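Asks: Residues per chain, in single letters:
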Amino acid sequence: MTFLGHLVTGLSLGAIYAIIALGYTMVYGIAKMLNFAHGDVIMVGAFVCFTVVSSLELPPVLGIILAVILCTVLGIIIERLAYKPLRQAPSLAVLITAIGVSYLLQNGAQLIWGASPKSFPSMFNFGGENGISLFDGQLNISYVAIITVSVCIIIMIALTLFTEKTRMGKAMRACSEDKAAAQLMGVNVNQTISVTFAIGSALAAVAGVLMCSAYPALSPTTGSLPGIKAFTAAVFGGIGSIPGALLGGILLGLIETFTKAYITTDLSDAIVFAVLIVVLLVKPSGLLGKYVPEKV
Amino acid sequence: MSEILRVEDINVYYGAIHAIKGISFHVNDGEIVTLIGANGAGKSTTLQTVSGLLKAKSGKITFCGEDIGHVVPHKIVEKGLAQCPEGRRIFLQMSVQENLEMGAYTQPNSGIAADLEMVYDLFPRLKERRKQVAGTLSGGEQQMLAMGRALMSHPKLLMLDEPSMGLAPILVEQIFDIIKDLHKKGTTILLVEQNAQMALSVADRAYVLETGSITLSGTGAELAASDSVRKAYLGG
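Taken in order, these protein sequences are the chains called A and B. Read in order, the letters of the first sequence correspond to residues 1 to 296 in the working numbering. Read in order, the letters of the second sequence correspond to residues 1 to 236 in the working numbering.
Hints were generated in silico from the structure; no laboratory data involved. Treat the hints with caution; some may be incorrect.
Claimed, not checked - To give an idea of the interface, some chain A residues facing chain B are shown, with a C-beta separation under 10 Å as derived from the structure: (1) Arg167; (2) Arg173; (3) Ala174; (4) Glu177; (5) Ala182; (6) Leu184; (7) Gly186; (8) Asn188; (9) Gln191; (10) Val195; (11) Pro243; (12) Lys260.
If you're wondering where the values come from, they're calculated on a predicted model, not measured in any experiment. By construction, the Cβ of each residue, glycine as well, lies at the ideal position given by its N, Cα and C atoms.
Kindly produce the complete structure, drawing on both the sequences and the hints.
Replies: This is the structure in structure tokens:
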């Protein structure tokens with residue numbers, strides 16, 4: 001029974017990593033840049049929801065909606081102001097800018113919300129219960145876990161349909177393969193990159209709310225570590241690949257949880273990263289990454 | 001004959017390198033015009049500048065009477081100028097049909113089915129392979145796909161950059177038969193080629209490009225008969 005409990009915890013943690021990793025992987029796939037500020041957008045999303053629900057005492061649904069809207073706008077603004085001027089710049093310049101944006105968001109959050117950790121409201125209580133109890137109370141599954149995994153599945157299906165079937169989705173795939181050729185088809189590359197950032201940031205907001213509902217301590221640095229882990233999950237699964245982000249995220253969540261449960265809590269992150277390094281040594285493009293030969 | 005494209009005295013730089021040194025040429029409606037020249041002469045640079053992917057430092061590019069020198073690439077495609085780029089640049093991870101649909105990106109959805117049929121009629125091989133991932137096609141098939149993709153946008157001017165590159169002689173013949181066929185059906189074509197012999201055999205008019213300047217121009221037949229062209233490009 002404890003095993004099942006750990007499995008549920010691992011899956012829901014993995015689903016959060018997967019939702020964050022999707023943002024990383026889509027932005028990398030299309031803009032070919034690592035948006036290290038992505039983790040901090042998660043934190044902003046969580047703070048917005050916190051403010052709406054705890055401070056303004058409005059309904060949780062409104063908190064989630066506002067978090068998604070504000071993060072989407074934030075993502076578009078970050079891209080427009082910080083990354084777009086660097087479109088032709090060397091990738092190191094873009095990377096350093098992303099790190100700068102990350103600190104800017106953390107410090108900005110500290111100014112607005114303060115540095116001390118806040119307790120995130122518990123938003124997924126139904127009928128006074130925060131979960132369901134199975135096997136005479138031997139296994140408790142929280143509503144947050146159920147909702148997190150369901151939301152992750154819905155997002156995956158929606159994104160897959162979006163990239164396969166819609167005009168904008170196809171334009172994104174074309175941009176991720178060859179921007180110049182996409183332009184020759186009539187694709188507005190700047191607009192496509194904007195939309196990608198918008199989607200990634202909206203997902204970050206969702207991830208922020210779900211993550212803080214499961215692990216309720218919220219501070220300006222809350223997004224950093226999950227952001228880095230989700231980035232690793234994206235690389236693990238094959239960066240640029242949407243199913244890869246899902247697989248990488250879920251595996252990362254499971255490995256982390258089982259390591260904590262059965263091996264050691266202190267070294268769990270080190271062990272997680274060791275596993276990833278071994279996998280990447282064997283398969284450098286990640287689990288589902290496509291090896292695309294350089295064209296001459 | 002009305003003029004479709006006019007390029008006047010454009011200069012293009014790659015950093016400090018002066019790649020295109022004040023070239024001028026034009027293409028009339030219904031013509032095949034070819035730019036021939038050796039590797040590095042500036043042929044692809046010229047096409048990329050016309051498509052808006054590169055910007056000229058000076059000079060003027062007029063397409064259908066409109067100055068397009070400062071128009072962004074995706075808007076130029078909307079105006080009816082399609083380029084089939086060097087090295088084909090098809091989307092290797094997409095299916096054949098998805099590649100063609102990308103070609104119709106600027107077109108209303110209602111006409112796409114009919115346009116697909118038009119391209120499949122022209123290239124029956126593509127129809128057989130329409131669900132296949134484009135990266136698995138042979139070089140000749142990839143070239144056909146790249147040309148079909150460019151045709152999906154109903155171009156008023158189709159620019160082909162080295163369609164014969166890397167293809168076996170028999171495939172080169174096939175590709176040029178298709179170019180002649182497209183011309184007969186009324187497509188206006190600007191053809192960039194290293195294979196001067198083939199290019200001159202189909203072209204109404206031709207320009208010779210050498211290290212960024214146009215050194216000769218005339219009808220296809222005139223240039224094919226010219227001594228300097230024969231020596232430099234046709235093997236004596």
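Asks: Now tell me, hint by hint, if it's right for this structure.
Replies: Consistency of the hints with the structure:
1. Arg167: holds, 7 Å
2. Arg173: holds, 6 Å
3. Ala174: holds, 5 Å
4. Glu177: At about 5 Å, which falls below the 10 Å cut-off, the nearest Cβ of chain B leaves the hint on Glu177 of chain A intact, so it holds.
5. Ala182: holds, 8 Å
6. Leu184: Holds, because the Cβ-Cβ distance from Leu184 of chain A to chain B comes to roughly 5 Å (cut-off 10 Å).
7. Gly186: holds, 4 Å
8. Asn188: holds, 5 Å
9. Gln191: Holds, about 9 Å.
10. Val195: violated, 14 Å
11. Pro243: violated, 13 Å
12. Lys260: This hint is violated: Lys260 of chain A lies away from chain B, its Cβ roughly 38 Å from the closest one there, beyond 10 Å.
Consistency with the previously given hints fails for numbers 10, 11 and 12, ordered from lowest to highest.
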